[in-house]
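Novice: Sequence:
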Amino acid sequence: TMRDILRQVVEEGGGKNAYIEGFSIGGKTATSQKLPRGSGKYIASFIGFSSVENPQVIAMCLIDEPEGVYYGGTIAAPVIRELYENILPYLNNK
Numbered sequence: 012t013m014r015d016i017l018r019q020v021v022e023e024g025g026g027k028n029a030y031i032e033g034f035s036i037g038g039k040t041a042t043s044q045k046l047p048r049g050s051g052k053y054i055a056s057f058i059g060f061s062s063v064e065n066p067q068v069i070a071m072c073l074i075d076e077p078e079g080v081y082y083g084g085t086i087a088a089p090v091i092r093e094l095y096e097n098i099l100p101y102l103n104n105k
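Each number in this note's numbering corresponds to the 1-based position in the sequence shown with 11 added.
Think of the hints as simulated: they come from the structure by calculation, not from any bench.
Note that the coordinates shown come from a computational prediction; the quantities given were computed from them, not determined experimentally.
Any given hint might turn out to be false.
[Said to hold, decoys possible] Within a straight-line C-alpha distance of at most 20 Å, the following computed EDC-like cross-link-like pairs (lysine to aspartate or glutamate) qualify:
# : residue 1 : residue 2
1 : K45       : E96
2 : K45       : E64
3 : K45       : E78
[Stated by the list, open to error] Cβ pair distances, simulated, as ranges:
#  : residue 1 : residue 2 : range
4  : K27       : P47       : 10 to 20 Å
5  : N97       : E64       : 20 to 30 Å
6  : E76       : G33       : 32 to 42 Å
7  : D15       : K45       : 27 to 37 Å
8  : P47       : N97       : 18 to 28 Å
9  : P47       : E96       : 32 to 42 Å
10 : G51       : Y101      : 35 to 45 Å
11 : N103      : K45       : 23 to 33 Å
12 : P47       : L102      : 36 to 46 Å
13 : D15       : P89       : 17 to 27 Å
14 : Q67       : Q19       : 12 to 22 Å
15 : E78       : I98       : 24 to 34 Å
All residues carry an ideal CB built from backbone N, CA and C; glycine is no exception.
Taking the hints into account, I'd like the entire structure generated from these sequences.
Specialist: Here's what the structure looks like:
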């Protein structure tokens with residue numbers, strides 16, 4: 012299913028920086044170039060949900076014009092991981 016594919020993004024793919032041992036998280040990374048093309052400006056984002064089997068929580072991190080690294084999986088996914096590290100244990104949402 013789509014949720015299983017999004018789980019693989021977090022467990023094995025570009026969203027692995029959102030992975031938390033013992034929790035079922037799915038998500039999608041995105042990196043968008045802003046107009047005009049060639050401006051060197053980007054939007055990095057990651058959207059994640061948990062649990063994959065019974066989604067109860069969804070969160071999105073969008074970083075507008077990051078400096079340096081601009082990939083969603085590199086800079087936005089860790090923000091969601093940190094957020095979920097503080098939320099999921101209280102929800103018993105594994």
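Novice: It remains to establish, for every hint, whether it holds in the given structure.
Specialist: Now for the hints, and whether the structure bears them out:
no. : hint                    : result
1   : K45 to E96              : 31 Å, violated
2   : K45 to E64              : 35 Å, violated
3   : K45 to E78              : 14 Å, holds
4   : K27 to P47: 10 to 20 Å  : 32 Å, violated
5   : N97 to E64: 20 to 30 Å  : 21 Å, holds
6   : E76 to G33: 32 to 42 Å  : 35 Å, holds
7   : D15 to K45: 27 to 37 Å  : 32 Å, holds
8   : P47 to N97: 18 to 28 Å  : 39 Å, violated
9   : P47 to E96: 32 to 42 Å  : 38 Å, holds
10  : G51 to Y101: 35 to 45 Å : 41 Å, holds
11  : N103 to K45: 23 to 33 Å : 40 Å, violated
12  : P47 to L102: 36 to 46 Å : 43 Å, holds
13  : D15 to P89: 17 to 27 Å  : 23 Å, holds
14  : Q67 to Q19: 12 to 22 Å  : 20 Å, holds
15  : E78 to I98: 24 to 34 Å  : 28 Å, holds
Consistency with the previously given hints fails for numbers 1, 2, 4, 8 and 11, ordered from lowest to highest.
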